[in-house]
Amino acid sequence: MSDGTKIIFGAVLGALYVGTAILQFIWAIFGPLADLEVLLISGDVFSGFVLLVIGAVLLTGARKFSTDTGEGMSFIYVGIFLSVLFGLVALCSLGAGALEATFFAEEGEEVWSVMDVATPLLYLAVIGVSGFLAWGREFLRRFSLA
Amino acid sequence: MTKTIRVALTGNPNVGKTTLFNALTGSRQHVGNWPGVTVEKKTGRVSHNGYDIEIVDLPGTYSLTAYSVDEIVARDFILKEKPDVVVQVVDATNLERNLYLTTQLAELGVPIVIALNMADAAEARGDTIDREKLSALLEIPVVRTVGTRGDGIGALLDAAIRVVKSSSHHERTVDYGSEVEAMITSLTDALAIDRSLSVQYPRRWLAVKLLEGDESVLTLVGEGPASARVQNLLSSIDAGEYEASMADKRYETIAAILLQVRSAGASEGASASDMLDRVITDRYLGIPIFLALMWGAFELTFAVGAPFATAIEVGTAWLAEFATSSIGPAWLGSLIGDGVISGVGAVLVFLPNIFILFLILALLEDSGYLARAAFIMDRPLHALGLPGKAFIPMLIGFGCNVPAIMASRSIEGERDRLISILVNPFMSCSARLPVYILFAGTFFGTRAGGVMFFLYVLGIVVAIVSAKLFRSTILKGESSPFIMEMPPYRIPTAMTSLLHMWSRGSLYLRKAGTIILLGALLVWVLASFPYGVEYGSEASLVGSIGHLVEPLVAPIGFDWKIAVALIFGFLAKEVVIGSLGVLYGTGEETLSATILADPGFSPAIALSLMVFVLLYTPCVAVVGVIKKETQSWKWTGFSVVYGLIVAWILAFVIGRLAPFFLGGA
Chain A
1 MSDGTKIIFG
11 AVLGALYVGT
21 AILQFIWAIF
31 GPLADLEVLL
41 ISGDVFSGFV
51 LLVIGAVLLT
61 GARKFSTDTG
71 EGMSFIYVGI
81 FLSVLFGLVA
91 LCSLGAGALE
101 ATFFAEEGEE
111 VWSVMDVATP
121 LLYLAVIGVS
131 GFLAWGREFL
141 RRFSLA
Chain B
147 MTKTIRVALT
157 GNPNVGKTTL
167 FNALTGSRQH
177 VGNWPGVTVE
187 KKTGRVSHNG
197 YDIEIVDLPG
207 TYSLTAYSVD
217 EIVARDFILK
227 EKPDVVVQVV
237 DATNLERNLY
247 LTTQLAELGV
257 PIVIALNMAD
267 AAEARGDTID
277 REKLSALLEI
287 PVVRTVGTRG
297 DGIGALLDAA
307 IRVVKSSSHH
317 ERTVDYGSEV
327 EAMITSLTDA
337 LAIDRSLSVQ
347 YPRRWLAVKL
357 LEGDESVLTL
367 VGEGPASARV
377 QNLLSSIDAG
387 EYEASMADKR
397 YETIAAILLQ
407 VRSAGASEGA
417 SASDMLDRVI
427 TDRYLGIPIF
437 LALMWGAFEL
447 TFAVGAPFAT
457 AIEVGTAWLA
467 EFATSSIGPA
477 WLGSLIGDGV
487 ISGVGAVLVF
497 LPNIFILFLI
507 LALLEDSGYL
517 ARAAFIMDRP
527 LHALGLPGKA
537 FIPMLIGFGC
547 NVPAIMASRS
557 IEGERDRLIS
567 ILVNPFMSCS
577 ARLPVYILFA
587 GTFFGTRAGG
597 VMFFLYVLGI
607 VVAIVSAKLF
617 RSTILKGESS
627 PFIMEMPPYR
637 IPTAMTSLLH
647 MWSRGSLYLR
657 KAGTIILLGA
667 LLVWVLASFP
677 YGVEYGSEAS
687 LVGSIGHLVE
697 PLVAPIGFDW
707 KIAVALIFGF
717 LAKEVVIGSL
727 GVLYGTGEET
737 LSATILADPG
747 FSPAIALSLM
757 VFVLLYTPCV
767 AVVGVIKKET
777 QSWKWTGFSV
787 VYGLIVAWIL
797 AFVIGRLAPF
807 FLGGA
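Residue numbers (my numbering), protein chains in the order written: chain A, 1 to 146; chain B, 147 to 811.
I should point out that these hints are in silico values taken from the structure, not numbers from a laboratory. Check before you lean on any hint, since a few could be wrong.
[What the hints assert, rightly or not] Partial pick of chain B residues on the chain A-facing surface, computed with a CB cut under 7 angstroms:
1. E445
2. T592
3. F599
[As the list claims (entries may be wrong)] Stretch by stretch, here's where chain B covers chain A in the computed footprint (C-beta under 8 angstroms, at least three residues):
4. 38-49
5. 56-65
6. 70-77
7. 85-92
8. 97-104
[Claimed, not checked] Footprint (simulated), chain A over chain B, 3 or more residues, beta carbon under 8 angstroms:
9. 421-427
10. 438-444
11. 456-465
Only a predicted model underlies this, so the values are computations on that prediction, with no experimental measurement involved. Beta carbons are placed, not taken as given, at the ideal position from N, Cα and C, and that holds for glycine.
If we strip away everything but chain B, and leave its shape as in the complex, we get (with noise of 0.2 angstroms):
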């Protein structure tokens, strides 16, 4: 009979967790370089000699003393659920720093294996670690593991049934010195009239988190019978001393044991990693880069994807005057060439851009750069009264609103979450794309890829703008310190950068066939109806829905079927253009064609509109996963009408100013 077993990945943030339980699972979940990718548990499964083995995935940690949303996950899952075996996935390349976590697993007594992970990269730069003496010495199991090849997948997976199956499980502890030792046994003696406590956690553990003021656990014993004695004995000591001093205890420990282990190799003066690091994340020429690699980027998204996507929009364009005029009856052609491919056609035409511009953030990201792109922001945002690490749900936001602002969970500090969650919204994720493609592509020629630069850093600029409006208003308070560890370099591999843009793209191309069809039909419907009208004029349904929402709009400039589209865009960003494909019924003209043909825009109305639908109400999706992430309708109302508020105010201004840089436009 197959018998189940139960494993849990932890280790620290950036350590190959994830591709180690793609490697273990055969899953595809996507693979950062830096925290905050893994924000929730993740489960998939494995069968090996007869064993049923589920593997979670949780997020990274660097103690068990949590602090943010994500680590409080990892510890929960480890402490309440209590998995057969944890693995502790550790970088062979820092293990000074990962073994501190591996210390505080072994005083929780949880049976534990050690995944000792990059070891090929450890091994490149001359290091050796011998292994068995390390499993010696923390009486643990070390098992060489390289994620990206599956090396060490089938030894993990034996050493995890291996220490399932012993039942010699028993806390390892470090010696904290007499002092700290007898305080601990104090507490240790204090909690033990605590039964149900004890028999959920080892006291020493207890008594050892109490010593570093982990609020959790204050607060589990403060519910208590020994609640006044431990709190008594807590009183009597400095905390802040103690709480260092075991610190430096758990590092002396590792010293000691990475002594007898490890031989690091010699040195060959500094790595391109540390040659690049000194430039890119220099004082004053870093954000620039940043700035200019950003504009690389959008200009090959635009230059490179444009004739792909002519190609794209010709055939479209020539496919739904067919469908309309040969397709009988009359209804059903329109339905299906005005509709359909006018509409969901006029959003695949920006594929090959979206992935494009997928592919560029993927060798980004995969090379080490975007690490750095949020170290580089900490110092103007912590001047601005943020935490720098809130620059990496604003760097996911380029690709989607809706996984960055889960990505906030990795920030300490609740009032930091709240308004890392309310700016997100203003990055310019890949629904925007087209809108920016479309129109900077129709009004601005050559200047494009400037244009959509500008956008994108708008959208960076208005969201740290809010942030402070908000820190210094309604969310005060100090940001708390960033600490990130940077990741080597690597010279991206194209299958990994391949796979990161098509697992991105492929979710534009899904709603393409789900939410933005949706989308298109309804505006079909509303522009068809009331019967016998001319389909899409303003005596239609969603004229009629445009002339009430025009007055709103008319002052930027914008006409009742742009007011329409931003309607509708609310379903998703992509659907602004959708709608437009549907209302303007291309026929054999291209929809850039038809635009720059319409009186109604000019270059000035063109960039106030991509403005609007850069700041503007987020989607049904980003608004459902504030309200899930805040648990709460104000703040989710706020978001909304905070982004209407924004991109009414700056598309206008924007309109205004346009005309003087765009030569009378």
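Bound conformation, chain A alone (with noise of 0.2 angstroms):
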């Protein structure tokens, strides 16, 4: 794929990663935003915190593919294999608290709910392994020339 797909990606990627970050930031210092549940954002800086830097090294990816194509495309892969390895921590989260939920639950106990420890980090990474699956043999064979 050409160098074009991969500055377009990264910008786009970044950018809602970034975009997401920002959301998690305002929600936490000005309190819940109506209708941004369905987005499974929440008031959680850690996450945002983490969002906001996968978002940025893709972003810086982009940006730098005009100057240098190997920088460029060095943050790019790393920004995917980021995206794709906080998508994984997010996802095992999520499975761990549904078998907690599942076999430990106590009466009189909130109903665990998928809506409520789900994060973007989690859909944003499905972008990130479409990436992943584009380039991500490239970025695994140069592992030989370490």
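With the hints as a guide, dock the two chains, each given alone in a separate frame, to form the complex.
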């Protein structure tokens, strides 16, 4: 795939990550934002920070492509890798929560809901996975050159 | 009859010495891919072809001009203990730097064998090395090894035995050019009058070290009869210029050899390591990425461990209740149920979380990331007057502060090393983890991972701020520069990472059966006497101790039970939880449910308690190692008192501020 595709991919995914991070910070400072629960936004500043970092890596990659292709590609590959990695972290947390709710929930305890624990790290990682499928093999091959 | 020989394993840091040592001896010493993993020599034995071979794994060193404590350990062993043969482990992917040490060992005239390690990595990138020619040019046997797979182990031992049997060992020298060689000759002549020194060390080697400004050789010569003449000669030259010129000549010799024996593979663009390093060590994004990965680690530790921890907690509570109600006489049932099962069980509950954290740390270390973390922290640390190398012991402190403080030996400069030792207890070791998981899980629900992340970052911040404070007050001075080779990134193997996890996690299990059990029993005895008193009540001995200390911690919001738990936490930080388990005598309820129902606890107090446990007096094992490493009761006492004061102040302040962030909690 052409470099142009990588630049657009990095810029769009990066903007999505930064956008959701900003919404999380606004939520944390000013309180719940109406109608945004559907996007799994919450007031958790820590996961907001992680979203911001991944977005910044991807946007830096898209920006650097114009001056140094190798540098830009490195940032986009690593951004995609971080997107998938933190998506897996969020998925594991979700799975563990479901396991605990299934087997150890006590009477009177609040009912566990996917919507309470899912984060934008999950669905944004789906886009990251598509990038990984497209360019991941090329990146992994380079490990043999280490 | 079996003959015994002694082999010293030496080499640059991070070339796979410990991996090779494990392959040679069948040991399971911890292997890391950063300098400082081996800070003192380790020995193992192997039988081979009728020889009983003692193998000594030495700390890594770049040269025989020693600067740090671990380098001195390596050099002194080779010089003073005089092993039968020195096996230099050489990284085949980085021959230039590694052969620099070879030139120094060769000058010393010790019998040497080279283990050309990581040969597979060099071959994978297309390098070819003519070992026979390299061996002929260096006049040293060269054996191909791959420590991780155990390749070449037999051949290496064969070569070591052959070298020991052969008596023709001689010094092999680098030609330093006419001017330097003339000075070496003059110094060698001058040293001839010091007979005792000449018997112990080759005179040419001593002369070379004197020209390199080696402090310990200068001291050796300064005590002998050749001192005046040597000083006279050294004062006539520009020492810095000579040293640089000699280093250049060594590298010229190495380059000339490599030109004849090595052909490098063709490059196919940037490697994954290069690509990852561009981003991960980026000036602006490096630290945020490090913090994000830390958050991920603690989120996984808490969330994934939770269902398993709950299963153990429910089982332990049931077992404790069963023992208390079924075993007679009543005091025995109470001892087993309230004391042993509730106390040790309260700590064992967190075993899944501990193992998960250790697995993540092993994966990060084995992938090569943690070495980068030390690198990216160099800039902010240096700005605060600290060497970046100090961050390596800090990272090791996430596991346990004892080996972390020992790892400070790799830091050059006594003041830098002392600062590194004094701030290390603020790094949150795994023993604090049960406290965080219990209280963060009980009071902060889905944000527990974030709270744990905050505590780990707080530990780093307090360590760095304290280091800056020490540097600008009681331990003034300049920090030394940080030079560290980056290992290439690797995809960690499941077996290696699981072994790392087990070797660290099993220590926690052992602790549960020893010191934590002892702590739980001690608290149970104190909670049961004087005879006839209500178990764990304020009238018991433990109540009296708690009330005695309570005024000191009451301003923070802690009651007498917390005071008791903190006192016994000095044995080991896990005992804080074990003590609470015994004191609350949880019965059918889990400890978290009992604590949640106690009006003496609130989210703000829980946060203060976690901060206090993070920062207060290190455990008895850490205090012991601080004394051993500083050789000073003054600095040991200072560490204990300073930690207590910092913990008290921050727990107080955070407890007061917490309600504003936690919505009036």
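A quick look at each hint next to the structure:
1. Evaluation of the E445(B) hint against chain A yields a held restraint, the C-beta minimum of about 6 angstroms falling below 7 angstroms.
2. Hint on T592(B) holds. Least Cβ distance to chain A is approximately 6 angstroms, under the 7 angstroms limit.
3. Interface restraint check: F599(B) against chain A, minimum CB-CB distance 6 angstroms, threshold 7 angstroms, status holds.
4. Closer than 8 angstroms: that is the beta-carbon criterion, and the region 38-49 of chain A has 5 residues meeting it against chain B, so the requirement of 3 holds.
5. As drawn, the region 56-65 of chain A meets chain B at 3 residues by the rule of a beta-carbon pair under 8 angstroms; at three or more, the given contact holds.
6. Counting residues of the region 70-77 of chain A whose C-beta sits closer than 8 angstroms to any C-beta of chain B gives 6, which meets the bar of three, so the coverage hint holds.
7. Taking a C-beta to C-beta cut-off of 8 angstroms, the region 85-92 of chain A contributes 4 residues in contact with chain B, enough for the three needed, and the coverage statement holds.
8. With 5 residues bearing a CB less than 8 angstroms from a CB of chain B, the region 97-104 of chain A meets the requirement of three and the coverage assertion stands.
9. Evaluation of the coverage hint for the region 421-427 of chain B: fulfilled, as 5 residues show C-beta separations to chain A shorter than 8 angstroms, against a requirement of three.
10. Counting residues of the region 438-444 of chain B whose beta-carbon sits less than 8 angstroms from any beta-carbon of chain A gives 3, enough to reach three: the coverage restraint holds.
11. With 3 residues carrying a beta carbon less than 8 angstroms from a beta carbon of chain A, the region 456-465 of chain B meets the three-residue requirement, and the given coverage holds.
Hint check: no violations occur; every hint is consistent with the structure.
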